[in-house]
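Colleague: So the chains spell out like this:
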Amino acid sequence: MTKHGAVYFVIGIALILLICCDAADKVEPSAGRRQGETDWSDGLVTYQETWPDKFGIGRHADKSFIAKWDIDVRPDGKGLPDGEGSAKNGAVIYRQKCASCHGANGYEGPEDKLVTDSTGSNTIGNYWPYATTIFDYVRRSMPFNAPGSLTDQEVYDITAYLLYLNGIIKEEYKITATTLPQIEMPAKKRYISDDRRGGPEVR
Amino acid sequence: MSEGKEYLKEIRLLVRWLAVTVAIFLALAVGLVIYQHTSNHVVEPDFDSKITVDPSKVQGKPSSEVGYRSKFDSPKRIATYATASRTPLEDLQGTITPSDLHFERHHAGIPEINPEQHELLIHGLVEKPIRLKLSDLKKYPSVSRICFIECSGNFRYGKREMTPGEVCGLTSQSEWTGVLLSTILRDLGVKPEAKWLLAEGADGALMARSVPLQEALTEAIIAYGQNGEAIRPQQGYPMRLVIPGFEGNTQIKWLRRIEVTDKPVMTREETSKYTEKVKDGKIRMFSLVMDARSIITYPAYPKKIEKGWQELRGIAWSGRGKVAKVLVSTDNGKTWKEAHLQGPVLEKAHTAFKFMWNWDGKPTRVLSKAIDETGYVQPTYNQLVRARESKAGYHFNPVVGWDIEKTGEVYLADVEGI
Numbered sequence: 149m150t151k152h153g154a155v156y157f158v159i160g161i162a163l164i165l166l167i168c169c170d171a172a173d174k175v176e177p178s179a180g181r182r183q184g185e186t187d188w189s190d191g192l193v194t195y196q197e198t199w200p201d202k203f204g205i206g207r208h209a210d211k212s213f214i215a216k217w218d219i220d221v222r223p224d225g226k227g228l229p230d231g232e233g234s235a236k237n238g239a240v241i242y243r244q245k246c247a248s249c250h251g252a253n254g255y256e257g258p259e260d261k262l263v264t265d266s267t268g269s270n271t272i273g274n275y276w277p278y279a280t281t282i283f284d285y286v287r288r289s290m291p292f293n294a295p296g297s298l299t300d301q302e303v304y305d306i307t308a309y310l311l312y313l314n315g316i317i318k319e320e321y322k323i324t325a326t327t328l329p330q331i332e333m334p335a336k337k338r339y340i341s342d343d344r345r346g347g348p349e350v351r
Numbered sequence: 085m086s087e088g089k090e091y092l093k094e095i096r097l098l099v100r101w102l103a104v105t106v107a108i109f110l111a112l113a114v115g116l117v118i119y120q121h122t123s124n125h126v127v128e129p130d131f132d133s134k135i136t137v138d139p140s141k142v143q144g145k146p147s148s149e150v151g152y153r154s155k156f157d158s159p160k161r162i163a164t165y166a167t168a169s170r171t172p173l174e175d176l177q178g179t180i181t182p183s184d185l186h187f188e189r190h191h192a193g194i195p196e197i198n199p200e201q202h203e204l205l206i207h208g209l210v211e212k213p214i215r216l217k218l219s220d221l222k223k224y225p226s227v228s229r230i231c232f233i234e235c236s237g238n239f240r241y242g243k244r245e246m247t248p249g250e251v252c253g254l255t256s257q258s259e260w261t262g263v264l265l266s267t268i269l270r271d272l273g274v275k276p277e278a279k280w281l282l283a284e285g286a287d288g289a290l291m292a293r294s295v296p297l298q299e300a301l302t303e304a305i306i307a308y309g310q311n312g313e314a315i316r317p318q319q320g321y322p323m324r325l326v327i328p329g330f331e332g333n334t335q336i337k338w339l340r341r342i343e344v345t346d347k348p349v350m351t352r353e354e355t356s357k358y359t360e361k362v363k364d365g366k367i368r369m370f371s372l373v374m375d376a377r378s379i380i381t382y383p384a385y386p387k388k389i390e391k392g393w394q395e396l397r398g399i400a401w402s403g404r405g406k407v408a409k410v411l412v413s414t415d416n417g418k419t420w421k422e423a424h425l426q427g428p429v430l431e432k433a434h435t436a437f438k439f440m441w442n443w444d445g446k447p448t449r450v451l452s453k454a455i456d457e458t459g460y461v462q463p464t465y466n467q468l469v470r471a472r473e474s475k476a477g478y479h480f481n482p483v484v485g486w487d488i489e490k491t492g493e494v495y496l497a498d499v500e501g502i
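For the protein sequence lines, the chains are L and A, in the order given.
Quick note on this note's numbering: the first sequence kicks off at 149 and runs consecutively.
Quick note on this note's numbering: the second sequence kicks off at 85 and runs consecutively.
Careful, some of the hints might be misleading.
As a list, the in silico EDC-like pairs of lysine to aspartate or glutamate whose alpha-carbon atoms are at most 16 Å apart [to be verified]: (1) L:LYS226 with A:ASP346; (2) L:LYS202 with A:ASP220; (3) A:LYS366 with A:GLU211; (4) L:LYS202 with A:GLU360; (5) L:LYS337 with A:ASP364; (6) A:LYS357 with L:ASP210; (7) A:LYS446 with A:GLU493; (8) A:LYS223 with L:GLU256; (9) L:LYS322 with L:GLU232; (10) A:LYS361 with L:GLU259; (11) L:LYS216 with A:ASP271; (12) A:LYS357 with L:ASP201; (13) A:LYS347 with L:ASP260; (14) A:LYS361 with L:ASP224; (15) L:LYS336 with A:GLU360; (16) A:LYS212 with L:ASP210; (17) A:LYS363 with L:GLU259; (18) A:LYS406 with L:ASP342; (19) L:LYS337 with A:GLU360; (20) A:LYS363 with L:GLU232; (21) A:LYS212 with L:GLU259; (22) A:LYS347 with A:ASP271; (23) A:LYS363 with L:ASP342; (24) A:LYS366 with L:ASP201; (25) L:LYS202 with A:ASP271; (26) A:LYS357 with L:ASP187; (27) A:LYS366 with L:ASP342; (28) A:LYS243 with A:GLU493; (29) L:LYS211 with A:GLU211; (30) A:LYS418 with A:ASP487; (31) L:LYS336 with A:ASP364.
Calculated directly from the structure, the hints in this document are not laboratory data.
Predicted model only: the values in this text are computed from it and were never measured.
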């Protein structure tokens, strides 16, 4: 009995030692540390309390300066300049300045297809939700090898032509700051906003 | 006569012995030379020699203004097009991407901008529109933050001979330094109807994206520093937007204008591009946050491994916060075990994971799967295809793995079979 007792005693001590050591090993690295000590924003709020109400850095931007830079065009038409575009005139400009990269009919490449063809590739006609984006993008970025070189008139004409080529407007329909935002693009109804939220669901 | 014969015999014996000795010597010498030429052992010379290269016996190069890489270990970006290059994830140590190996994506090349001639205009729904030079930006209180930037079109597959960088090297990590956008906007006074902002670059594409103000404002940085130095031209010198966790395209480089607005502009990059086809024929837009992802960077093609213990290594990241866990399987997904994460685990940052593995020499497949703090589990390719009814597109972040062959050679696993 005493023999067994000794064995149990030894095993018991060993177990206690093991548990103790284990516990010591397992001290959470974050224990004794303020929560979130590794975050980029630690202490930021306290620091911000020491800031002045205003820094007043930089130069005031006046209206005429802003007008020169403010080039974006929105779906509601905000940002569109005055003007009127026609597909007929657009065809001429397109042939000169765009066809080499986008093809005579807008789908032969070598660069992005602009007009829907039998392959079903994404184009203005089958994928773009807003017609105003054509004006915004072409004025901003095209032609690829001479961005920013088109006049607003040229951009209006090309916008009309690309809409006509995609079968969205008739050839004689005039594109203006009023009519362009009213054009309903075929793909618009397909668009939804991001529905991913984190968590276990795959979307 | 017999004595003469004896004598001759002895000489012959002696010659034979000599010949044998010389032959042995020659063989030994040849063997030694072959050994020294074929083995990679460092030769420790014990004599002065101009032939043996021993760095401890010669003067090295002088110091210089700018350092350089060892010519024996000089990773390169993987160039895929004139307008994009990838980070060689498999060649990196730790989690910071050297600035000159940060992935590139641009739509009209890399502009060369003199900061003296560059201004950032902030206007729109603010009380006080302003123009800021780089020197002005640097006067604001600064912040630094380590985070990844990933392009949302960051998944390629289709052949077995692909490296981690080729599969998803459009992600890189830096310590970005700049000023919080909220710090500047606080000074300008944001009007209550403000809901979005448009950010625009000064490159040939005038790259422009709309971003919801509320989501961006807490963390967005107008950065001018990257890994301790000025941002590189490829990354937006002199200033860029950094929105931790958002898709790379929104983090406009060569930033020249921010317009605070009530509605998105619907630029080409948020309609024609950076939108993805999802189920029921829908197209999803403004999918801005990068979901959790991981990849094993060792062992990976083109490396070859040997039987026995190895540290399996990789990176995991999530645009929604911290990586909570990385699970690793070394038996083609039958069992999954938790990998060790290298601390500190940062929010929206590449996080290194490691797993000690004793390869028994049998062919197998190794896989990794990231789980972030929201409980999101990195999906398989088939799960993504099922959820979206679409086989590709932006924000494709499937589990990828590597097939280990009997020879120890490693190849990209067929993603459709995972």
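Colleague: Take the C-alpha atoms of LYS418 of chain A and ASP487 of chain A, compute the straight-line distance between them, and say whether it is at most 16 Å.
Modeller: holds, 14 Å
Colleague: Take the C-alpha atoms of LYS336 of chain L and GLU360 of chain A, compute the straight-line distance between them, and say whether it is at most 16 Å.
Modeller: Since the Cα atoms of LYS336 of chain L and GLU360 of chain A sit roughly 14 Å apart, the hinted pair holds (cutoff 16 Å).
Colleague: Would the hint linking LYS226 of chain L and ASP346 of chain A be met if the CA-CA limit is 16 Å?
Modeller: holds, 12 Å
Colleague: Is the hinted pair LYS361 of chain A and ASP224 of chain L satisfied, with a Cα-Cα distance of at most 16 Å?
Modeller: Violated, at roughly 25 Å.
Colleague: For a C-alpha distance cap of 16 Å, please report whether LYS366 of chain A and ASP342 of chain L respect it.
Modeller: The hint holds at about 11 Å.
Colleague: Going straight from one Cα to the other, do LYS347 of chain A and ASP271 of chain A come out at no more than 16 Å?
Modeller: violated, 22 Å
Colleague: Holds or violated: LYS357 of chain A with ASP187 of chain L, Cα cutoff 16 Å?
Modeller: violated, 33 Å
Colleague: Within 16 Å, alpha carbon to alpha carbon, are LYS202 of chain L and GLU360 of chain A?
Modeller: violated, 42 Å
Colleague: Does LYS363 of chain A pair with GLU259 of chain L here, judged by a C-alpha cut-off of 16 Å?
Modeller: The given pair, whose Cα atoms are some 28 Å apart, is violated under the 16 Å limit.
Colleague: For the pair supplied as a hint, LYS337 of chain L and GLU360 of chain A, is the alpha-carbon distance within the 16 Å limit?
Modeller: At roughly 14 Å apart (the allowed maximum being 16 Å), GLU360 of chain A and LYS337 of chain L satisfy the hint.
Colleague: Given the hint that LYS361 of chain A pairs with GLU259 of chain L, does the C-alpha gap stay at or below 16 Å?
Modeller: Judged against 16 Å, a Cα distance of about 21 Å means the pair is violated.
Colleague: Next pair to validate is LYS446 of chain A with GLU493 of chain A; report whether the Cα-Cα distance is within 16 Å.
Modeller: Holds, at roughly 11 Å.
The earlier numbered hints that this structure contradicts are 3, 4, 6, 8, 10, 11, 12, 13, 14, 17, 18, 20, 21, 22, 24, 26.
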